[in-house]
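*Asks:* The hints should help you fit chain S onto chain Z, whose structure is shown.
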Amino acid sequence: MHQLLGLILKRLGFGAITLLVISVIVFSAVEFLPGDLAQQVLGQSATEETVAAFRRELGLDQPSVTRYFIWLADVAHGDFGNSLANGQAVSGLIAQRFANTLFLAGYAAAIAVPIALILGVLAALTRRSLFDRLINILSLGAISMPEFFIAYIMVTLFALKFGWFSPLANVTPEMPLGTRLWATLLPALTLNLVVVAHMMRMTRASILSPMASPYIEMADLKGITPLRVVIRHALPNALAPIINVVALTLAYLVVGVVIVEVVFVYPGLGQLMVDSVAKRDMTVVQACCLIFALTYILLNLTADILAIATNPRLLHPK
Amino acid sequence: MTDKNLLEIRGLKIEGRRDGKVTEIIRGVDITLGEGEVLGLIGESGAGKSTLGLASMGYTRAGCVISEGDIRFRGENLRNLDAAAQRRLRGRRIAYVAQSAAAAFNPAHRLGAQVTEVPVLRSLMTQPQADREAISLFEEVQLPSPVAFGLRYPHQVSGGQLQRAMTAMAMICKPNLIIFDEPTTALDVTTQIEVLTAIKKIVRDHGTAAIYITHDLAVVAQIADRIKVLRYGEEVEEAETARMMAAPRENYTRSLWSVRSFRKQAHTDAQGQPLATIENVIAHYGELKVLDDVSVELHRGRTLAVVGESGSGKTTLARALCGLLPSTSGQVTLSGTSLAPSFRGRRRDQLKSIQMIYQMADTALNARQTVGEIIARPAELFLGKTKPQSFDRARELLDLIGMEPGTFLHRYPGELSGGQKQRVSIARALAAKPELIVCDEVTSALDQIVAEGILKLLDQIQTELGTAFMYITHDLDTVRAIADDVAVMHRGKLVRYGPKEKVLTPPFDPYTELLLSSVPEMRCGWLDDVIESRGQTATA
Chain Z
1 MHQLLGLILK
11 RLGFGAITLL
21 VISVIVFSAV
31 EFLPGDLAQQ
41 VLGQSATEET
51 VAAFRRELGL
61 DQPSVTRYFI
71 WLADVAHGDF
81 GNSLANGQAV
91 SGLIAQRFAN
101 TLFLAGYAAA
111 IAVPIALILG
121 VLAALTRRSL
131 FDRLINILSL
141 GAISMPEFFI
151 AYIMVTLFAL
161 KFGWFSPLAN
171 VTPEMPLGTR
181 LWATLLPALT
191 LNLVVVAHMM
201 RMTRASILSP
211 MASPYIEMAD
221 LKGITPLRVV
231 IRHALPNALA
241 PIINVVALTL
251 AYLVVGVVIV
261 EVVFVYPGLG
271 QLMVDSVAKR
281 DMTVVQACCL
291 IFALTYILLN
301 LTADILAIAT
311 NPRLLHPK
Chain S
1 MTDKNLLEIR
11 GLKIEGRRDG
21 KVTEIIRGVD
31 ITLGEGEVLG
41 LIGESGAGKS
51 TLGLASMGYT
61 RAGCVISEGD
71 IRFRGENLRN
81 LDAAAQRRLR
91 GRRIAYVAQS
101 AAAAFNPAHR
111 LGAQVTEVPV
121 LRSLMTQPQA
131 DREAISLFEE
141 VQLPSPVAFG
151 LRYPHQVSGG
161 QLQRAMTAMA
171 MICKPNLIIF
181 DEPTTALDVT
191 TQIEVLTAIK
201 KIVRDHGTAA
211 IYITHDLAVV
221 AQIADRIKVL
231 RYGEEVEEAE
241 TARMMAAPRE
251 NYTRSLWSVR
261 SFRKQAHTDA
271 QGQPLATIEN
281 VIAHYGELKV
291 LDDVSVELHR
301 GRTLAVVGES
311 GSGKTTLARA
321 LCGLLPSTSG
331 QVTLSGTSLA
341 PSFRGRRRDQ
351 LKSIQMIYQM
361 ADTALNARQT
371 VGEIIARPAE
381 LFLGKTKPQS
391 FDRARELLDL
401 IGMEPGTFLH
411 RYPGELSGGQ
421 KQRVSIARAL
431 AAKPELIVCD
441 EVTSALDQIV
451 AEGILKLLDQ
461 IQTELGTAFM
471 YITHDLDTVR
481 AIADDVAVMH
491 RGKLVRYGPK
501 EKVLTPPFDP
511 YTELLLSSVP
521 EMRCGWLDDV
531 IESRGQTATA
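Same order as they appear, the protein sequences are chains Z and S.
Quick note: the first sequence uses the UniProt record's numbering, first residue 1, plus one each step.
Quick note: the second sequence uses the UniProt record's numbering, first residue 1, plus one each step.
Next comes chain Z alone, as it looks inside the complex (with noise of 0.2 Å):
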């Protein structure tokens, strides 16, 4: 069991130095900015005592290694320095966004982790058949096809034809779930048509790949049915595959949703963040990127952690 752990300790460890790693990159990308900030925030008019003071109120006079300890030494008290734009707090604004974008996330993937799954066993289970290459042709068109464009056309068949759906996914606070689910229940459809597809040829190929192994030989030379050879025998063991595949959808659900929110004009993070960089508002830029970083690594993280625990060669050591 000490093993498992220790593993478990070491991918951890892997995990935070990712993330420190980044947080290099995503200030030094900042500090490689052409031009002075507190020029470009206050504008030419500005006069040299007041860009002067500005820098200091920013710590811009310091050295960039000072700088970025102490950028870091906030960010680890959960403080993301004030808007550029704006002098609100970071953490405030970003709050309510990342609230958004994770619901947006959550519903897309409750709808589209389930179908994955049962269409990938399924097409394992009659492998060859009309219905695989059916569900294979679909997915595979569902992939080729941009995300915006799938937006669009959502948009135009179910908010403008039929006039079921809002075609903005305008979504408040204080809006109760119900409303909340029919009101984003498009962009979250556009986004399962991205997903589903990867998911379900990923578990398809999963559970084909141990189809050909001595133990499924012997699960039908068990007189064993072909769901439950499929389900109890194979699935099990192409578990890693498949856990691997859904973390990287959900953070691609998390990250990657930026254009689907701004087709719906979502108040999600990526839309803040797309807003930010016209807004040349770095310190939100970086908040932002952090945060989506470290959404990226905790899926990762998930994943392997999980793949080892459903390993009962690591968790069962001799």
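Among these hints, one or two may not hold up.
[Claimed, not checked] Listed below are the simulated PhoX-like cross-link pairs for lysine-lysine, each with C-alpha atoms no more than 25 Å apart in a straight line:
| id | chain 1 | residue 1 | chain 2 | residue 2 |
| --- | --- | --- | --- | --- |
| 1 | S | Lys493 | Z | Lys318 |
| 2 | Z | Lys318 | S | Lys456 |
| 3 | S | Lys456 | S | Lys433 |
| 4 | S | Lys385 | S | Lys352 |
| 5 | S | Lys433 | S | Lys264 |
[What the hints assert, rightly or not] With beta-carbon atoms standing in for the labels, derived distance ranges:
| id | chain 1 | residue 1 | chain 2 | residue 2 | range |
| --- | --- | --- | --- | --- | --- |
| 6 | S | Gly11 | Z | Arg127 | 26 to 36 Å |
| 7 | S | His155 | Z | Ile8 | 14 to 24 Å |
| 8 | S | Lys289 | Z | Leu12 | 41 to 51 Å |
| 9 | S | His410 | Z | Phe131 | 38 to 48 Å |
| 10 | S | Asp292 | Z | Thr18 | 41 to 51 Å |
| 11 | S | His155 | Z | Phe131 | 30 to 40 Å |
| 12 | Z | Thr18 | S | Lys289 | 45 to 55 Å |
| 13 | Z | Ile17 | S | Gly466 | 50 to 60 Å |
| 14 | S | Gly34 | Z | Ile8 | 52 to 62 Å |
| 15 | Z | Thr18 | S | Ser145 | 57 to 67 Å |
| 16 | S | Glu287 | Z | Leu12 | 21 to 31 Å |
| 17 | S | Lys289 | Z | Ala76 | 21 to 31 Å |
| 18 | S | Thr126 | Z | Arg11 | 33 to 43 Å |
Rather than coming from a laboratory, the hints here were simulated on the basis of the structure.
Since the structure is predicted, the reported quantities are computational estimates derived from the model, not experimental observations.
We put the CB at the ideal spot given by N, CA and C, even for glycine.
*Replies:* Chain S only, in chain Z's frame:
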């Protein structure tokens, strides 16, 4: 047909279909098996033994189709049953024991759950009843701590234990027929004896009929009432075991017997300076000590056979010699000079002098290179030859190993048979003109007749070129055939070492005694004798 026949196969033909090509795998075979009878199916690989065994459950592997004939089990033609009806028979009335239990048990589930799966699923027993039944079967096949055994995962127990657990799994529904498909082929001789004993006992005690598939005559003679010899999907002959052993009718059957008789001519005595020495070598895999103070010598023109069970450290010894596993202490010398522990620290001419041949020629040959390229490469690398020169060398070597250069030079390994691939591996090792060749179980994956050809080739090479061989094997017959010196290894230690005549002559140390007495002998009743004599020593 009579009522008492459990299984009747008549005129069975099975075709293999791949890439539009149809090959006949089974060409009209009959099998008649009564209740409680044990039939041995014997033949080389490719003879169709496994296909036939599986067909008697109404099962064919992907790409195989039963084209003709009847398979009647208790009077019912399995070919007329639908998939669901066949499934009802499998596991319940006809059970299967696979060759490699390590691969045939699902790594994701506990052994107990797998053993009890069928009776619980078919509502023959409740889970607690099935658990109790499993425990009593584990006891019958003499597994250690039978109560706790079912809680373990396949990777937590040894290969021999898994094979016995698989026999218990086959037996749990009290089937009428069990198909044993080479159940001991992958095991060491000392483990094989335990598994054979368990199988024999459980089949006899429960009166279960069985088809026992193997390529080892000595093994099948211990278990079977009758033996059927197969070749190219056809029956060669069938007879009662005792008669088959005493007086085989067909030439092919006799040739299976005579394989074990190959002995190489005695070579020159070990004189003067040894070519290479391994001195007090200790080696570790991580924390685990895998070689413990081993010293052996290798002489020009002589073969040192390193024998032992899997895990005894024989391959590790070869790896230490080649520098693939740097030893922790002790030294390896070649022609009187000490070699660096790791191959990275050795000079090119030192690397050239020691070459290796591996067990699995399939994986040891690059599938994307032609035979010519494979053999020419070391000649180019170690002898500094130009490309045309090295291909000349490849032609010479192909001649030497008895493969027509014109035919084979431009073929790919995938187009060769197992024996031919191993010959190419030998040619590749020879290409660098080495003084010492390490052969790691090079005949273990081959049929006996093919293996004998390889052994004769190695012997011929030694006579012509004076090469020294380190020959790693678990098979004592091979040791008798080709060794000049023998090193017996057990748990990383050298337990017995010297010239062959001395090592294989009593008095023995206990381990060598156990090893030698575990090798199946070509006579009926050998297993019973061994069980009896071991029982006596145990009680005495």
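*Asks:* Each hint should be assessed against the structure and marked as holding or not.
*Replies:* Against the structure, the hints:
For a cut-off of 25 Å, the pair hint linking Lys493 of chain S to Lys318 of chain Z stands: about 23 Å separates their Cα positions. Distance hint between Lys318 of chain Z and Lys456 of chain S is unfulfilled; the C-alpha atoms sit about 42 Å from each other, more than 25 Å. Taken as a hint, the Lys456 of chain S and Lys433 of chain S pair is honoured in the structure, with Cα atoms around 19 Å apart against an allowance of 25 Å. Between Lys385 of chain S and Lys352 of chain S the alpha-carbon distance is near 14 Å, which keeps this suggested pair within the 25 Å criterion.
Taking the CA atoms of Lys433 of chain S and Lys264 of chain S, the gap is near 23 Å; set against the 25 Å cutoff, the hint holds. A hinted range of 26 to 36 Å for the beta carbons of Gly11 of chain S and Arg127 of chain Z is consistent with their spacing of about 33 Å. For His155 of chain S and Ile8 of chain Z, the hinted distance range of 14 to 24 Å is satisfied, since their beta carbons lie about 20 Å from each other. Between Lys289 of chain S and Leu12 of chain Z, the C-beta spacing of about 33 Å breaks the proposed range 41 to 51 Å.
One distance hint, 38 to 48 Å for the beta-carbon pair His410 of chain S and Phe131 of chain Z, holds here, with the actual separation near 45 Å. For Asp292 of chain S and Thr18 of chain Z, the hinted distance range of 41 to 51 Å is satisfied, since their beta carbons lie about 42 Å from each other. Between His155 of chain S and Phe131 of chain Z the beta carbon distance is about 36 Å. The supplied range of 30 to 40 Å therefore holds. Take Thr18 of chain Z and Lys289 of chain S: their Cβ atoms lie about 37 Å apart, and the range 45 to 55 Å is violated.
Restraint check, Ile17 of chain Z to Gly466 of chain S: a C-beta distance of roughly 58 Å satisfies the suggested window 50 to 60 Å. Under the hint 52 to 62 Å, the C-beta atoms of Gly34 of chain S and Ile8 of chain Z, about 58 Å apart, fit the expected range. Between Thr18 of chain Z and Ser145 of chain S the CB atoms are about 45 Å apart, so this pair departs from the stated range of 57 to 67 Å. Our hint of 21 to 31 Å for Glu287 of chain S and Leu12 of chain Z holds, since their Cβ atoms are close to 25 Å apart.
Range check, Lys289 of chain S to Ala76 of chain Z: Cβ separation about 46 Å, and the 21 to 31 Å hint is violated. Remark: the range hint 33 to 43 Å for Thr126 of chain S to Arg11 of chain Z is upheld by a beta-carbon distance near 42 Å.
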